[in-house]
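Q: Okay, here's what each chain looks like letter by letter:
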Amino acid sequence: MSALLSVRDVTVRFGGIIALDGVSFDMDEGLVVGLIGPNGAGKTTLFNCLSRLYTPNKGDIVFQGGSLLGRAPHEISTLGIGRTFQNLALFGTMTALQNVMVGVHGRTRSDFLSNALRLSWVRDEEEQIRSAAAELLRFLDLERVAHVPVAGLAFGTLKRVELARALASRPKLLLLDEPAGGLNHEEVGVLGTLLRSVKDQLGVTILLVEHHMNLVMQVSDRVVVLDFGRKIAEGAPVEIQRNPEVIRAYLGDAQ
Amino acid sequence: MSAPTIAVLVAAVIALVLPFMLSNFRLFQFTQVFIYAIALLGLNMLTGFNGQISLGHGAFFAVGAYTGAIMMDRWNVPYGWTIPVGGLLCLIVGFLFGIPALRLEGLYLALATFALALAVPQILKYFEHWTGGSQGIVLTKPAAPFGLPLSEDQWFYFVTLVVLFVMFVLARNLLSGRIGRALVAIRDNPLAAEAMGVNKALYKSLTFGVSAAYTGVAGALSAVAIAFVAPDSFNILLSISLLTGSVIGGLASISGAIYGALFIQFVPNWAQDISKAAPWAIFGLFLIVFMYVMPYGIAGALRLVWNRLTRPQG
Chain A
1 MSALLSVRDV TVRFGGIIAL DGVSFDMDEG LVVGLIGPNG AGKTTLFNCL SRLYTPNKGD
61 IVFQGGSLLG RAPHEISTLG IGRTFQNLAL FGTMTALQNV MVGVHGRTRS DFLSNALRLS
121 WVRDEEEQIR SAAAELLRFL DLERVAHVPV AGLAFGTLKR VELARALASR PKLLLLDEPA
181 GGLNHEEVGV LGTLLRSVKD QLGVTILLVE HHMNLVMQVS DRVVVLDFGR KIAEGAPVEI
241 QRNPEVIRAY LGDAQ
Chain B
1 MSAPTIAVLV AAVIALVLPF MLSNFRLFQF TQVFIYAIAL LGLNMLTGFN GQISLGHGAF
61 FAVGAYTGAI MMDRWNVPYG WTIPVGGLLC LIVGFLFGIP ALRLEGLYLA LATFALALAV
121 PQILKYFEHW TGGSQGIVLT KPAAPFGLPL SEDQWFYFVT LVVLFVMFVL ARNLLSGRIG
181 RALVAIRDNP LAAEAMGVNK ALYKSLTFGV SAAYTGVAGA LSAVAIAFVA PDSFNILLSI
241 SLLTGSVIGG LASISGAIYG ALFIQFVPNW AQDISKAAPW AIFGLFLIVF MYVMPYGIAG
301 ALRLVWNRLT RPQG
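So the sequence lines, in the order shown, correspond to chains A and B.
Number 61 in my numbering belongs to position 61 of the first sequence; there are no gaps in the numbering.
Number 186 in my numbering belongs to position 186 of the second sequence; there are no gaps in the numbering.
Honestly, the hints are just simulated from the structure, not real lab data.
Hints may be right or wrong, so weigh each one.
Listed next, with one range per pair, are the computed distances between beta-carbon atoms [unchecked claim]:
| # | chain 1 | residue 1 | chain 2 | residue 2 | range |
| --- | --- | --- | --- | --- | --- |
| 1 | A | 152 | B | 25 | 45 to 53 Å |
| 2 | A | 134 | B | 172 | 19 to 27 Å |
| 3 | B | 100 | A | 58 | 39 to 47 Å |
| 4 | B | 305 | A | 65 | 56 to 64 Å |
| 5 | A | 138 | B | 146 | 30 to 38 Å |
| 6 | A | 9 | B | 84 | 31 to 39 Å |
| 7 | B | 281 | A | 138 | 55 to 63 Å |
| 8 | A | 58 | B | 84 | 49 to 57 Å |
| 9 | A | 138 | B | 172 | 25 to 33 Å |
| 10 | B | 6 | A | 196 | 24 to 32 Å |
| 11 | B | 172 | A | 196 | 14 to 22 Å |
| 12 | B | 308 | A | 67 | 55 to 63 Å |
Here the structure is a predicted model, which means the values were calculated and not measured.
Glycine included, each C-beta is placed from N, C-alpha and C at the ideal position.
Make the full structure from the sequences, and use the hints.
A: Here's what the structure looks like:
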């Protein structure tokens, strides 16, 4: 079986700085892959290549057999890739429910004219959007805040709203950029369980960028390690934890 | 019944009774309010819901008005046709203007649209053969059909009211569903909106087109209502009035368009009544007071009052 996502020799340069330097790895369907590395290793740059916010100077990114590089940013969601953002990127004036409803946008079709005329199939579509969003709010235990504008919600809650919004497109691949960032110990534990059930119950493949090592090692099937834009290791969590190069990247050389 | 339903019913009754209680001149002023309300609704879609600032909607108002006037004056087209044609033409012009506008954000877009508003009156004068130059085009007010016992002003008041109603229903449908959410998503967080599959470039230019179409319909109606068009009626002050009206009425509020239209129609007149010497100073004072007292516009203030009244005490 070919990989769901294949990152091939991706290089990104910003002026004289090389943010990613010939990074390659494959992701098989149904796995959680952890992407780790010290600050500035190029993890978010790689994410932004996957969401088509950046175009690599070299290399290719192949999803389900087709290259992503010819696609516009708004087509990525429809192809089956959802994402969350490192620093929350919710729609501040909308309620939690409305935020998640926007997440369904990429897999619905109605246009300006049919919406203005509120044709009967548009009403049906709207009903489907609403019930899909409501179901996700239930799944993530967010029913209580469904009708509250997100601007007033607690940080941990907002992280879950963002996850619900990303899942609303029914992605095959979910890109999570530091989902544990800013969460307390207890919330990180809940998140770990949640990510496992997203994978097992919804069958979503997850690429997880995270600094919280316990979480990465607990939920990942494989781990890819970046340092200064290069891939320095890849393997099962136990292998990575023992890998001398990884230890050196994180802790520096012990003379 | 919910509060909005009651409010709409009360407004509808008032709107239907007004023509039989007011003088023709007063009634004409209310026709103007409806026309402004349609234009403001269009501008509000663009600025309030989608976050694109336009200081140039007077230009689309002018395109709508002149399209209607030329059709009636040159080709004797019945006025009923000028309204959809004015709207469609502005839809196209607005969409085309919206494409280069995609590259401009915030104040830069405001300046580009400002340039449009400055240019249009002069362009109208230049094509004198069609537009009648500075003299403009004089039209005749349509009489009520089927021998209805209505004056010209009464008749056109009802025509405008029907158009207003249709435009409001279409806008509410558009803005309350999937497309409306996408427009607000683009305003709140454009990167995240694209990641959710919203085609930002297409939606922003289409919104520009629809917004211009609303303003064009308003322009075509105004040509008939006033029975006269001239370049200087569509100067930059009109564009600024429209933006003022949509902010005072309430950005991102549909009913706000009505309040904003009442404001830009009547407040300048009151200012004139208060001080013949310095009406704009008085108008400015009104503007500042409104912004202080109602930071979310009149619609926002009404919502706040309603919530206070209905929420249980304690």
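Q: Are the hints correct? Go through all of them and say.
A: A quick look at each hint next to the structure:
1. Between residue 152 of chain A and residue 25 of chain B, the C-beta spacing of about 49 Å keeps the proposed range 45 to 53 Å intact.
2. Distance hint check: the CB atoms of residue 134 of chain A and residue 172 of chain B are about 23 Å apart, consistent with the given range 19 to 27 Å.
3. Taken as a hint, the range 39 to 47 Å is violated for the pair residue 100 of chain B and residue 58 of chain A, whose Cβ atoms sit roughly 32 Å apart.
4. The hinted range of 56 to 64 Å is satisfied by residue 305 of chain B and residue 65 of chain A, whose Cβ atoms lie roughly 59 Å apart.
5. Taken as a hint, the range 30 to 38 Å is violated for the pair residue 138 of chain A and residue 146 of chain B, whose Cβ atoms sit roughly 58 Å apart.
6. Between residue 9 of chain A and residue 84 of chain B the Cβ separation comes to about 56 Å, which falls outside the hinted range of 31 to 39 Å.
7. Range check, residue 281 of chain B to residue 138 of chain A: Cβ separation about 58 Å, and the 55 to 63 Å hint holds.
8. Checking the proposed 49 to 57 Å range against residue 58 of chain A and residue 84 of chain B shows it holds: the Cβ atoms sit about 53 Å from each other.
9. Between residue 138 of chain A and residue 172 of chain B, the C-beta spacing of about 29 Å keeps the proposed range 25 to 33 Å intact.
10. About 51 Å separates the C-beta atoms of residue 6 of chain B and residue 196 of chain A, a value inconsistent with the hinted range of 24 to 32 Å.
11. Range check, residue 172 of chain B to residue 196 of chain A: about 43 Å between beta-carbon atoms, so the 14 to 22 Å window is missed.
12. Look at residue 308 of chain B against residue 67 of chain A: about 57 Å separates their beta carbons, and that is inside 55 to 63 Å.
Hint compliance for this structure: hints 3, 5, 6, 10, 11 are not met, and every other hint is.
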